[in-house]
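Protein chains in written order, with my numbering: chain U, 1 to 356; chain X, 1 to 356.
If you are wondering where the hints come from, they were derived from the structure by calculation, not from laboratory data. Wrong hints could be hidden among the right ones.
Stated by the list, open to error - Label-pair ranges, simulated between beta-carbon atoms: (1) X:Pro230 with U:Arg62: 42 to 50 Å; (2) U:Asp327 with X:Ser49: 42 to 50 Å; (3) U:Gln238 with X:Asp335: 57 to 65 Å; (4) X:Arg120 with U:His300: 44 to 52 Å; (5) U:Ala350 with X:Glu161: 53 to 61 Å; (6) U:Ala350 with X:Glu174: 40 to 48 Å; (7) X:Asp319 with U:Arg280: 21 to 29 Å; (8) X:Ala22 with U:Ala350: 31 to 39 Å; (9) X:Glu179 with U:Ala284: 39 to 47 Å; (10) U:His300 with X:Asp353: 57 to 65 Å; (11) U:Asp327 with X:Ala240: 38 to 46 Å; (12) U:Ala350 with X:Ala240: 46 to 54 Å.
Every value quoted in this text rests on a predicted model; they were computed, and no experiment measured them. Glycine included, every Cβ here is placed at the ideal spot set by N, Cα and C.
Protein chains: 2
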Amino acid sequence: MRHAVILAGGAGTRLWPLSRRARPKQLLRLFDGQSPLELTCQRLHGLFSPENTWIVTLAAHRAPVAAAAPWLPRENLIGEPVGRDTANAIGLAAHLLLRRDPDATMAVFTADHLIRPPDRFAAAVLTALEAAERFPESLVTFGVRPRSPHTGYGYVRRGEELGGGVYRVAQFREKPSREVAEEYVRSGEYYWNSGMFVWRAATILAEIERLLPENARRLAELAALWPPPPGHSDLAQQYAALPRISIDYGVMEKTPHALVVEMDCEWLDLGSWLAVAQTRPADAAGNVALAPRALVVDGHNNVIVAESDHLLVVLGAHDLVVVHSDDATLICHRDQVERLKDLAAQRQAAFGDQFE
Amino acid sequence: MRHAVILAGGAGTRLWPLSRRARPKQLLRLFDGQSPLELTCQRLHGLFSPENTWIVTLAAHRAPVAAAAPWLPRENLIGEPVGRDTANAIGLAAHLLLRRDPDATMAVFTADHLIRPPDRFAAAVLTALEAAERFPESLVTFGVRPRSPHTGYGYVRRGEELGGGVYRVAQFREKPSREVAEEYVRSGEYYWNSGMFVWRAATILAEIERLLPENARRLAELAALWPPPPGHSDLAQQYAALPRISIDYGVMEKTPHALVVEMDCEWLDLGSWLAVAQTRPADAAGNVALAPRALVVDGHNNVIVAESDHLLVVLGAHDLVVVHSDDATLICHRDQVERLKDLAAQRQAAFGDQFE
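Chain U with its partners taken away, still in its complex shape:
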């Protein structure tokens, strides 16, 4: 059967102060009152049954994630004690799927991307599912047709076409320079590497075993213990001992069985406040408000964010990102948002863990 596995393990320090340790970015209700996780579930509705939908998240986030997906069977919510990157989250989920369904086909989605429109998304997912079933040894990735020469994404180059819009992967590429990205887009052969995949559960486990044998051994031990009995205190330690590695770096870039299916969608990784701002139209002065109450007077190119009714007023100031939360407010120049991930250390030095 076909299963969906949603990776919802992100920490999201780059969306501070709304995103916190206890409330990662995939749970922020910034999109017409809905969170990225809720929007992800909606996109998958109709493609996968609730019984065959799984979410991997941090154990600390189980409760808010369960609240965001109340239809999800409890046993399909996999709580990692600590995050050890995508290869391990995917490997554990593959073990648990296989235990229930030895013939499982497994589609992996991220919880913090915005993807539109839903019908083109669904078409690409169906194509990839069929490819994984037709070529049972294959590892299928989604390549998003690039809208711009984005230098913040990785790229994947397509090779030989296998028919029906399915291609062999010729090469994965790290984040490129501007010039190289422009060349990629011009060529028509490159896609944005989306971090979404389809494969048979048995196939990805076999490739993890071949390419990441230590991870595979430890994951098999952990899966045998799953679900961890209450009070099983060694589990976090065992989980933390998994070598941290991403599925892209650990498997996809090394396997000879990678295929790519084109996804012709708007696709946005909510990796910064500027990315979040792209989800809303700007006013004539370039200001974007994701806040119930915002007032900009003689200011341009500001991004204003709040979940609550708190009023944010910008007067005669430009190029700022202003984000209000209940106990903290950020005022950041828009060219400096990348530095937000480094701010945690300074906050902690000054205020301990209170604002993390």
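Position chain X against the provided structure of chain U, taking the given hints into account.
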């Protein structure tokens, strides 16, 4: 006897969002946890007895003002139904003082200025009290020795010295240009016009009667009604009918009896957030924080204000005034703070009276 009258009627739209209709700037506890009104009362402590201290404020502010000055006899708290500028507040207070003490000498102070140090302030007040008693027809103003060619203050030029640091007023001057202000300071003959005065209560009433006869007639009628009996619904209307005029423009600039006493103090009219910022030392990058929790990373010349423990973080942004209150936050370029007083109309158009 000697009486102090504190004018605490300010609205303070220029200190929004902390200052509101219901909580004017003289009540903001921004100075080591104390408000300008509390600091004003402390400066006067020892110079005037509680029984001879009076506060004029808006009736709507009676409760918070009483809470800030719990030692004040209730009957010394004069609540104006609406503000009609200083000539009327002073005239009403003079009537009420005279009724209790026909020989009253009356010193008038503002509640929203910071003045240091207290001993030099006290010395000037004593000099002015003695001058008003020695020259019973005189209207004594305090002239603050200028620390800079400030273009936001009015000036007063001293004339003939009457002895003991008391001078006739040669001329009042409106806010000058930069060049003119520099000339004033160079001359050594000009003081900042402080808005603080000393006179006999009978004398100021006589001058109001001579120079502002309509105000005088209406004030006499109002004083005869005072204190207004509960439910006296016409009072607000009668009070609102007083022609609005300041004591400076209506009396001081026209009387031939004005004297000036030098006050050699640091003196700051808390008329804007930049003025408030001058009460605190800046860090090496020019940032000033009047907030329990503020963090500036790679930013300079910012002013950060909060009364609560809310954390304000400025990252890579400069020359901003950031002011947080429970339900609204302002982010304003420091060159634009003067426009804050015009912002109320735009707020009201968007949000009604909720944030006023």
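Each hint, compared with the structure:
A hinted range of 42 to 50 Å for the beta carbons of Pro230 (chain X) and Arg62 (chain U) is inconsistent with their spacing of about 60 Å. Taken as a hint, the range 42 to 50 Å holds for the pair Asp327 (chain U) and Ser49 (chain X), whose Cβ atoms sit roughly 45 Å apart. About 59 Å separates the C-beta atoms of Gln238 (chain U) and Asp335 (chain X), a value consistent with the hinted range of 57 to 65 Å. A beta carbon spacing of about 48 Å between Arg120 (chain X) and His300 (chain U) agrees with the range 44 to 52 Å that was offered as a hint.
Taken as a hint, the range 53 to 61 Å holds for the pair Ala350 (chain U) and Glu161 (chain X), whose Cβ atoms sit roughly 55 Å apart. The beta-carbon spacing between Ala350 (chain U) and Glu174 (chain X), approximately 46 Å, falls within the hinted interval of 40 to 48 Å. Between Asp319 (chain X) and Arg280 (chain U), the C-beta spacing of about 27 Å keeps the proposed range 21 to 29 Å intact. At roughly 33 Å, the beta-carbon separation of Ala22 (chain X) and Ala350 (chain U) lies within the given 31 to 39 Å, and the hint holds.
The hinted window of 39 to 47 Å between Glu179 (chain X) and Ala284 (chain U) holds, with their beta carbons roughly 40 Å apart. Roughly 29 Å separates the CB atoms of His300 (chain U) and Asp353 (chain X), a value that falls outside the hinted 57 to 65 Å. Between Asp327 (chain U) and Ala240 (chain X) the Cβ separation comes to about 43 Å, which falls inside the hinted range of 38 to 46 Å. Distance hint check for Ala350 (chain U) and Ala240 (chain X): the Cβ-Cβ separation is about 51 Å, which falls inside the suggested range of 46 to 54 Å.
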